[in-house]
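A.B. asks: Chains A and B are the protein sequences, given in the same order. Under my numbering, the first residue of the first sequence carries the number 1, and numbering increases by one thereafter. Under my numbering, the first residue of the second sequence carries the number 1001, and numbering increases by one thereafter.
Think of the hints as simulated: they come from the structure by calculation, not from any bench. Heads up, the beta-carbon is just placed ideally off N, CA and C, and yes, glycines get one too. Hints are supplied without guarantee of correctness; some may be wrong.
Stated by the list, open to error - Calculated from the model, a selection of chain A residues having no Cβ within reach of chain B, i.e. all distances over 10 angstroms:
1) Ala13
2) His77
3) Leu145
4) Ser186
5) Lys188
6) Met222
7) Phe238
8) Arg239
9) Gln374
10) Lys465
11) Met538
12) Thr584
Claimed, not checked - Derived DEER-like restraints, expressed as beta-carbon distance ranges:
13) A:Pro261 / B:Lys1374: 57 to 63 angstroms
14) A:Phe628 / B:Ser1430: 50 to 56 angstroms
15) A:Arg562 / B:Ser1430: 48 to 54 angstroms
16) A:Glu88 / B:Ala1163: 56 to 62 angstroms
17) B:Ser1430 / A:Arg98: 37 to 43 angstroms
18) A:Arg98 / B:Asn1116: 56 to 62 angstroms
19) B:Lys1266 / A:Arg631: 50 to 56 angstroms
20) A:Lys259 / B:Glu1269: 45 to 51 angstroms
21) B:His1164 / A:Arg98: 29 to 35 angstroms
22) B:Lys1266 / A:Pro407: 44 to 50 angstroms
23) B:Glu1269 / A:Glu88: 49 to 55 angstroms
Claimed, not checked - Capping the alpha-carbon separation at 25 angstroms, the derived lysine-lysine pairs in DSS-like fashion look like this:
24) B:Lys1165 / B:Lys1151
25) B:Lys1151 / A:Lys243
26) A:Lys597 / B:Lys1151
27) A:Lys134 / B:Lys1151
28) A:Lys188 / B:Lys1151
29) A:Lys251 / B:Lys1194
30) B:Lys1194 / A:Lys607
31) B:Lys1169 / A:Lys105
32) B:Lys1165 / A:Lys607
33) B:Lys1165 / A:Lys282
34) A:Lys426 / A:Lys607
35) B:Lys1153 / A:Lys113
36) A:Lys243 / B:Lys1266
37) B:Lys1194 / A:Lys105
38) A:Lys188 / B:Lys1342
39) B:Lys1194 / A:Lys253
40) B:Lys1169 / A:Lys96
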Amino acid sequence: MGRPRNMRKKGEAGEAARFISRTRAIRKLQLGLQAFNRVCIVKGIFPIEPKNRIKAQKGDSKYRPLYLKKDIRFLMHDPLITTIRHEEALRKKLAKARHLRDVYKEQLIKRNKPVYRLDQNVLERYPTFIDAVKDLADPLTMIFLFCNIQVRPPIYEHHVSRCQRLKTEFLTYVIEARCLTKAFISTKGYYYEVEIMGHRIVWTAPHNCVTEVPPNADMKIMRHFLEFYIAMLGFVNFRLLAKVDLRYPLKPKVMPRLKGPAKQDLDNLKNLMASLNYPLEKTTEDSGESKDDTEATNRLMEGTSEKTLKVYADRIQSEARRGLFSGLKFFINPECNRESLTLVIRSCGGEVSWPRTTFPCSTYKEDDQCVTHQIVDRPNFDKKYLTRFYVQPQWVYDSLNTVTLQPCQSYLPDVALPPHICPFLKNFEGWYVPPEEEDFRKLLDASPEEKETLLKEMARQKQQKLTMLKAANEEKSDDESGSDLDSDEDKYDEDENEKSDDDEKKEGKDNSDVDAKDDEDMEVNDDQEDEENEKEEMKDVVVRGRERFNNKKVEESKEERREIRMRTLMIHKKNKKLYHKMKTKENKRLRRSSMLKDRREAIELHKMGKISDDQLEAPPKTKIKKTFSERRAKLYRDRVRSAVKFAKSPANKNRYKGETKKPAIADTRDDK
Amino acid sequence: MTDSSLKIIEQVSLKKKKLNKSKNRKKAWRKHIDLTGIEAALDQQEEEERLGCLGEDTSDLLFLDTGNEITEFGKEKEAEKENDPEEEKDVQLAFKLKYTVDPKTGLKATDRPKSNELIPEHRLLAGLPGSKGPFKQSRFRERDTYLYQLKLKELHNKNPRTAHKNVVKNEKRFNTTKSSRKVRKTVHKLSFDKNLWSEKPEPSREDELSAAAIEHMQLSMREKPINNRASRLKCNKIPAVLLPHPGLSYNPDLKSHQNLLAKAVKSEESRSKKAKFTNNMRTCDFPKGGEIVANVETIKDMEPDHPHAPAIKEEPMDDDDESSVPALGRKNERRTHSQRLKYRRHQEALRLARKIKDKKKRENAVFRLKEINKELDEAEKKKQRLAKKKARTQKKQAFKPPKTFEEKKDVEVALSSELRSNLRSVNPTSNPVMDRYTHLFRRGLLYSNSRTRVYDRKNGINCLRKVVKRPGFEGLSMAEFEGPHDVTARPFKRAPKNKR
């Protein structure tokens, strides 16, 4: 009996026919692995996870990258493959010419190298402009990364210079459009967020030092990615700069007069654009008219639904952000990161300058008396001028994130900075939120009129804290100075007292959580005693009423629990696992948040001097789940104890009359 | 043509009309007519057909149309021109040619001398002498031979017009520098000044249909790649840039600040430990002290002082051997003269042997010391040489310009003073290039060719097999997708167990 006619062979239909392995695909396209990678990256074809791996691999359970067969068929007719093949052939010829030392032929071959453009590929992958804008996060991070990378063979100088050019173009757009919304300094680098055409894009930029190329990373593959992203960002930049009426490629509005060798050096011209502070040529001249959106906003306010209000609030906030630093003049000291600071300040409408020796295009000097803020990142700095604020760079980022000019007192040089809060946080339910973050959220949500009162309140709270701290420190110092001899003893006493107090409090808290029922019972008992003395007649009635009331509560809670238990029992087998998972996660979250709260309180108490260092580092009092071995040991111990109890019980007294020394079962563990 | 001949033709033409009527019994009509004139005329006609109009000037039939002189009514105008020459000038100005016309040929005049010879094909047609059929090149002609080419080269070199070309060619061959002539590139790879997503006007119905037909043809002919949707699919839901958690901030909040501090402290401690290990002297690194001392004792003061030789106190040599002889025997028993003599001689012999031994030792030691001195000198010289070499290389490196402008890294952790208040002095963590690479790997956009070794249960113990790394699942922890505080809020250290 053969197989029936309707049935097909094993690998001809279904999952097995849809997929193809990488080695087979390479063989089919007649390419090397590197060339295959290159084509796939440019065309945007990536391996896909099948529904059933064993079926897709025709019975093989090993892991192999699988591609869709349709994709590979699509690649077969691509003109890019032919150019790559041509390139490989030329490479062979070039090697031969070099071996024969035929310079003329070598030049000829180099001249004949095929040139291909990626614009069609960009169009194919992103058919509309918005599609390209949505996917900007990846190319931006890549290009900012390669701007100051070590130059090594797979990556050459022209890659770096192209990246730098694209970077300056994009940053000029951001400054002109004033669309920067968030900025954050982290140990990994700078995080920025930008709003373009209603889409929020986040990208990272490394710190200002040269990044080394790690030996583990395959830089050849990274170069292929970079090649495509350069082409994509170039076309996007052209479109974006046209929106802001800037000429493409960028050109300074007035060419500076340079003399001698400085005129021939092209870097001088590049630096003008890279400074982000030089006026550039525009396609159309400014008319100087500002668009009035008041009518539109008024219309929005008429229909006061929640959505419209939200949109209105967002609009007001974005307008406030654009004019946050307007009218302010900044001077950046050479130790700060010039580029990121100019980006933030200029995109919020401020003016920037720096010393002439650090970089070209400084607009005014340090002596200028109109300067309102000087940014300093050095602990011991001589403040010359009284007319300006000396501020650390974090002030700029924090005020952008909160859309308010933060008070400068906490950001003065040589002062411990307040925490730099991440603006990318989302509101998760049940998570612990530190007080600084709460303030940050309040400031973001508040309207500009409310902000002033909020800031005042915060300042007041801070002052209260400071006074408390001072008082605690003074007490400490008084004790130390008052009695040198007896100070140790006193300290010990105090510590002990404090410790005991704290312990009691904490124990009380813990007990209140765990044994809520017992407390209630105790209360009931205490009340009973008082009432007995006063009114004996009324006693029974009140007690009964209270008991009934309390019983009701207990019963209700019991019922609720029972219901929940019943509900959990009713859950289908399929979903039971998931439900338990969710439950455990919730519990975990609650436990952690409570732990973090306790920790925070402990740290603040430590600041006041009420807790010693050892206590701060001691473990929290939450219950730790015991391991299996511990549980087993405890079980064993309990059994032994019960056995001993049984042996010592009066019922068994007669049995061991003669052998009083050694009982039959002894607890050997406790003796040890 | 003469008048007589014309008359004859007229007669013939008239006669022909009559002949058409009847030719019966009229065979001998030629006997009475003179045909010489007609024959001559026919000959002439034949000649005209054969030679074209070469034989005569045909000014009446062909003329050059310069516009002003001759028109349709040429003769009438000619007559008028003679009468009034003023009009002629005006017409000439209006139809002036840009070039001068050669009167002989009636074509554009050139300085080059013109040959009257016909091209060979025409000559063949004309049947003139010297005409040849179309020439077929032979494979073994003289021009293709090597010797002939050499000859040609010599000739070219001598000729001032062609010699220049050869010189340039030779220069190009042996010169690596770029030529002054600009190479025109057909396609610029990096020119972004065009709107890729430009909004085109909507095509008409006819255009749409034709475009569809063309596309279908291109697809069927495999000229255009098939548009696929699978390429636009995103294979992973991980975002392009993972959002940072608050512990990453350069000036983080208290909790994460302390975590970071602990990390920094740990690294600092390990570094200090390493430094201790390298700085402290170890006994095993040096040769044992006893051996050197024993060697030196033998050498002592035999040689002039060397700067590197260790200084050792001098001890006087004790030559009094007699004192060392035990005197117990003498007190108890008095020896005889012969015995005493024997003893003395024996002692003398011993003394001599000792002296010789000492001498030998001294000589050996001197020799050894000289050798040591030599070795030390050589070592010193070697050191100096190496130092010189190092200095030279350093100088060279200093002169080399760096490829890119490199800024110095931030100051590394200085625990004592700065770190407690200001975290900005901590080095940035992790390599950003490596981070990006791993992130791409996780998202499944990138497949490394490297293979990991995995334990194989099937084939037994210590049997490993190669497997391609699986992305997307290895480096990821669930913490990255949960709340932002989850990563930082790790459980604190457990308390040590109380053992009783």
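A.B. asks: Each hint should be assessed against the structure and marked as holding or not.
C.D. replies: Comparing the hints with the structure gives:
{"no.": "1", "hint": "Ala13", "result": "holds (19 angstroms)"}
{"no.": "2", "hint": "His77", "result": "violated (4 angstroms)"}
{"no.": "3", "hint": "Leu145", "result": "violated (6 angstroms)"}
{"no.": "4", "hint": "Ser186", "result": "violated (4 angstroms)"}
{"no.": "5", "hint": "Lys188", "result": "violated (6 angstroms)"}
{"no.": "6", "hint": "Met222", "result": "violated (7 angstroms)"}
{"no.": "7", "hint": "Phe238", "result": "violated (5 angstroms)"}
{"no.": "8", "hint": "Arg239", "result": "violated (6 angstroms)"}
{"no.": "9", "hint": "Gln374", "result": "holds (18 angstroms)"}
{"no.": "10", "hint": "Lys465", "result": "holds (13 angstroms)"}
{"no.": "11", "hint": "Met538", "result": "holds (51 angstroms)"}
{"no.": "12", "hint": "Thr584", "result": "holds (12 angstroms)"}
{"no.": "13", "hint": "A:Pro261 / B:Lys1374: 57 to 63 angstroms", "result": "holds (58 angstroms)"}
{"no.": "14", "hint": "A:Phe628 / B:Ser1430: 50 to 56 angstroms", "result": "violated (37 angstroms)"}
{"no.": "15", "hint": "A:Arg562 / B:Ser1430: 48 to 54 angstroms", "result": "holds (52 angstroms)"}
{"no.": "16", "hint": "A:Glu88 / B:Ala1163: 56 to 62 angstroms", "result": "violated (41 angstroms)"}
{"no.": "17", "hint": "B:Ser1430 / A:Arg98: 37 to 43 angstroms", "result": "holds (41 angstroms)"}
{"no.": "18", "hint": "A:Arg98 / B:Asn1116: 56 to 62 angstroms", "result": "holds (58 angstroms)"}
{"no.": "19", "hint": "B:Lys1266 / A:Arg631: 50 to 56 angstroms", "result": "violated (33 angstroms)"}
{"no.": "20", "hint": "A:Lys259 / B:Glu1269: 45 to 51 angstroms", "result": "violated (57 angstroms)"}
{"no.": "21", "hint": "B:His1164 / A:Arg98: 29 to 35 angstroms", "result": "holds (30 angstroms)"}
{"no.": "22", "hint": "B:Lys1266 / A:Pro407: 44 to 50 angstroms", "result": "violated (36 angstroms)"}
{"no.": "23", "hint": "B:Glu1269 / A:Glu88: 49 to 55 angstroms", "result": "holds (53 angstroms)"}
{"no.": "24", "hint": "B:Lys1165 / B:Lys1151", "result": "holds (17 angstroms)"}
{"no.": "25", "hint": "B:Lys1151 / A:Lys243", "result": "violated (68 angstroms)"}
{"no.": "26", "hint": "A:Lys597 / B:Lys1151", "result": "violated (101 angstroms)"}
{"no.": "27", "hint": "A:Lys134 / B:Lys1151", "result": "violated (71 angstroms)"}
{"no.": "28", "hint": "A:Lys188 / B:Lys1151", "result": "violated (74 angstroms)"}
{"no.": "29", "hint": "A:Lys251 / B:Lys1194", "result": "holds (17 angstroms)"}
{"no.": "30", "hint": "B:Lys1194 / A:Lys607", "result": "violated (62 angstroms)"}
{"no.": "31", "hint": "B:Lys1169 / A:Lys105", "result": "holds (13 angstroms)"}
{"no.": "32", "hint": "B:Lys1165 / A:Lys607", "result": "violated (90 angstroms)"}
{"no.": "33", "hint": "B:Lys1165 / A:Lys282", "result": "violated (50 angstroms)"}
{"no.": "34", "hint": "A:Lys426 / A:Lys607", "result": "violated (30 angstroms)"}
{"no.": "35", "hint": "B:Lys1153 / A:Lys113", "result": "violated (32 angstroms)"}
{"no.": "36", "hint": "A:Lys243 / B:Lys1266", "result": "violated (52 angstroms)"}
{"no.": "37", "hint": "B:Lys1194 / A:Lys105", "result": "violated (35 angstroms)"}
{"no.": "38", "hint": "A:Lys188 / B:Lys1342", "result": "violated (98 angstroms)"}
{"no.": "39", "hint": "B:Lys1194 / A:Lys253", "result": "holds (22 angstroms)"}
{"no.": "40", "hint": "B:Lys1169 / A:Lys96", "result": "holds (22 angstroms)"}
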